[in-house]
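Start from chain A and add chain B according to the hints.
Chain residues, written in single-letter form:
Protein chains: 2
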Amino acid sequence: MTTPGKVRIGVFDSGFGGLTVLRALLPQIPSAEFFYLGDTARLPYGSKSQATVARYAVESAQLLESYGADYLVIACNTASALALDAIKSAAHVPVLGVIETGAGSAAAASATRDVLVLATQATVDSHAYARACAAHGLRSIEKACPLLVPLIEEGWTDQPVTREVLRIYLQQAQTESKAAGLAFDTVLLGCTHYPLLRGLLREALPEDVTILDSAESTAQRVRAQLESLKSLATNHSRPGDANVAVCHFFATDSVDKFRTLGSRFLGQPIEKVELIDLGG
Amino acid sequence: MTTPGKVRIGVFDSGFGGLTVLRALLPQIPSAEFFYLGDTARLPYGSKSQATVARYAVESAQLLESYGADYLVIACNTASALALDAIKSAAHVPVLGVIETGAGSAAAASATRDVLVLATQATVDSHAYARACAAHGLRSIEKACPLLVPLIEEGWTDQPVTREVLRIYLQQAQTESKAAGLAFDTVLLGCTHYPLLRGLLREALPEDVTILDSAESTAQRVRAQLESLKSLATNHSRPGDANVAVCHFFATDSVDKFRTLGSRFLGQPIEKVELIDLGG
Chain A
1 MTTPGKVRIG VFDSGFGGLT VLRALLPQIP SAEFFYLGDT ARLPYGSKSQ
51 ATVARYAVES AQLLESYGAD YLVIACNTAS ALALDAIKSA AHVPVLGVIE
101 TGAGSAAAAS ATRDVLVLAT QATVDSHAYA RACAAHGLRS IEKACPLLVP
151 LIEEGWTDQP VTREVLRIYL QQAQTESKAA GLAFDTVLLG CTHYPLLRGL
201 LREALPEDVT ILDSAESTAQ RVRAQLESLK SLATNHSRPG DANVAVCHFF
251 ATDSVDKFRT LGSRFLGQPI EKVELIDLGG
Chain B
1001 MTTPGKVRIG VFDSGFGGLT VLRALLPQIP SAEFFYLGDT ARLPYGSKSQ
1051 ATVARYAVES AQLLESYGAD YLVIACNTAS ALALDAIKSA AHVPVLGVIE
1101 TGAGSAAAAS ATRDVLVLAT QATVDSHAYA RACAAHGLRS IEKACPLLVP
1151 LIEEGWTDQP VTREVLRIYL QQAQTESKAA GLAFDTVLLG CTHYPLLRGL
1201 LREALPEDVT ILDSAESTAQ RVRAQLESLK SLATNHSRPG DANVAVCHFF
1251 ATDSVDKFRT LGSRFLGQPI EKVELIDLGG
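Just so you know, the sequences run in chain order A and B. Here the numbering used here is used: position 229 in the first sequence is 229, and no number is missing along the way. Add 1000 to the 1-based position in the second sequence for the numbering used here, that's all there is to it.
One chain only, chain A, in its complex shape (with noise of 0.2 angstroms):
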């Protein structure tokens, strides 16, 4: 199944939100060889169990790891908030989460230091992005939208409803953040199904908030861990190029569903996904 010589990079998610860091990897990592495993059998991770999601993660973590990979990417926000330390305990190559990627990127643009965060019930409940901000120096209110998903996954992306839930969240989340004595300036995208209301989140919030989702910063810091890793030659690293980059899809759940949905999510075509059976 593997191509001789590409650097083999797994992508996992509960879903096919994660395909949003895929398609800002691909740029990044033309010469590298993609397998995208979304756990759609037991989807959506975000009102699950910290038992469970990790169970499942590492179960999703050491399938890609058997199919060769080199490097595992937790395209996951629910999972690698939850189940990143047990991935990692689990797994035999370098581990990357979005938590820290995103918060990362947070630091680097909020001036106020205060950051929302908006994310699944699990996520916000574990506090993983909270740890992670603080780690920067930064305070942040932490908001769950359990309703995002399934608007999105109903293609609702621009819907006066979805309009109406995202201003209730934003609200609960600005009485919450002044409660606290936060001015947040910047509003994390917790979760990969999130930039896909970036339009509309981008006319709910003020001008001088900016919006930040995990998928650009998390595909730079692979390349450049797989750089120090010298695991990519130098000459295969052209951003921009991402025709030569290959990649296999693989779901637990109907690989018809992945391909309609999931071209939605990676902005472009799937033409190929394998049903495979963690047993789940």
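Hints in this document: simulated from the structure, not taken from any laboratory. One or more of the hints may lead you astray.
With a straight-line Cα cutoff of 20 angstroms, these simulated EDC-like cross-link-like pairs (lysine to aspartate or glutamate) come out [to be verified]:
#, chain 1, residue 1, chain 2, residue 2
1, B, LYS1257, A, ASP125
2, B, LYS1006, B, ASP1070
3, A, LYS257, B, ASP1125
4, B, LYS1143, B, GLU1100
5, A, LYS88, A, GLU100
6, A, LYS143, A, GLU203
7, A, LYS143, B, GLU1154
8, B, LYS1143, A, GLU154
Below, a sample of chain A positions facing chain B; criterion: calculated Cβ distance under 10 angstroms [to be verified]:
#, residue
9, ARG55
10, PRO150
11, PRO160
12, THR252
From the derived model, a few chain A residues whose C-beta atoms are all more than 12 angstroms from chain B [to be verified]:
#, residue
13, LEU63
14, ASP114
15, ALA135
16, ALA224
No residue lacks a Cβ here, since even glycine has one placed at the ideal position from N, Cα and C.
Then chain B, alone, in the frame of chain A:
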């Protein structure tokens, strides 16, 4: 674990919604011992494929049978729609799903013989309700409503946003119904979560439209079948006397969340929930 002399009824759902069916069963068969399993680690089933749902549902049914269940109620519309035959093949006790009982109650209620079924995407895709309605001489429109479960689980059962989502779904259904030449006078709630939106649905629909859910009709059918099986002595079946029923609760994910959210669906506090592992 079982209590001698009591009929043991296994009730299965992907999560919490089936507790509305258990709620209807308790006063109908107060002498029974109930084993309720919510496969919360793998919910929702409503967005997944037939093969995956069948695999999950069969594992769950087998577990309930291993606990000594004499009778199985598949209180999950999606599992009833996609996996009833698979469960019946795998089980050694009588199995009842909620689709057939729902269609039966619609047949008793409808004068126009046209019915609107609201359900999850997977249930609609299976057309199990359309077939069950047709067997009763009813025509039906099946409308998928993927946002309703997340809205209910968010607790937004009386929010303007939920009213607006219902308005959009009902308008789409009305358009489809008219195009097909149907005039529905009955709305069948084809998902066990939806009874929690009965109030909003009542407001949104014309007065002469009847709203039905499967919980009550399923409970009556279970009681009638058990009586015909002579599993219940006459003096054991006293409607209204719910105090003697014994309930055991099992979940595959967080038992705390099951207690909190489940109590809303059951309409009474759930004290003890046992965490079980279905290997998923």
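Hints, verified against the model:
no. : hint                  : in the structure
1   : LYS1257/B / ASP125/A  : 13 angstroms, holds
2   : LYS1006/B / ASP1070/B : 10 angstroms, holds
3   : LYS257/A / ASP1125/B  : 13 angstroms, holds
4   : LYS1143/B / GLU1100/B : 18 angstroms, holds
5   : LYS88/A / GLU100/A    : 14 angstroms, holds
6   : LYS143/A / GLU203/A   : 19 angstroms, holds
7   : LYS143/A / GLU1154/B  : 13 angstroms, holds
8   : LYS1143/B / GLU154/A  : 13 angstroms, holds
9   : ARG55                 : 9 angstroms, holds
10  : PRO150                : 4 angstroms, holds
11  : PRO160                : 7 angstroms, holds
12  : THR252                : 8 angstroms, holds
13  : LEU63                 : 15 angstroms, holds
14  : ASP114                : 26 angstroms, holds
15  : ALA135                : 28 angstroms, holds
16  : ALA224                : 36 angstroms, holds
The structure shown violates none of the earlier numbered hints.
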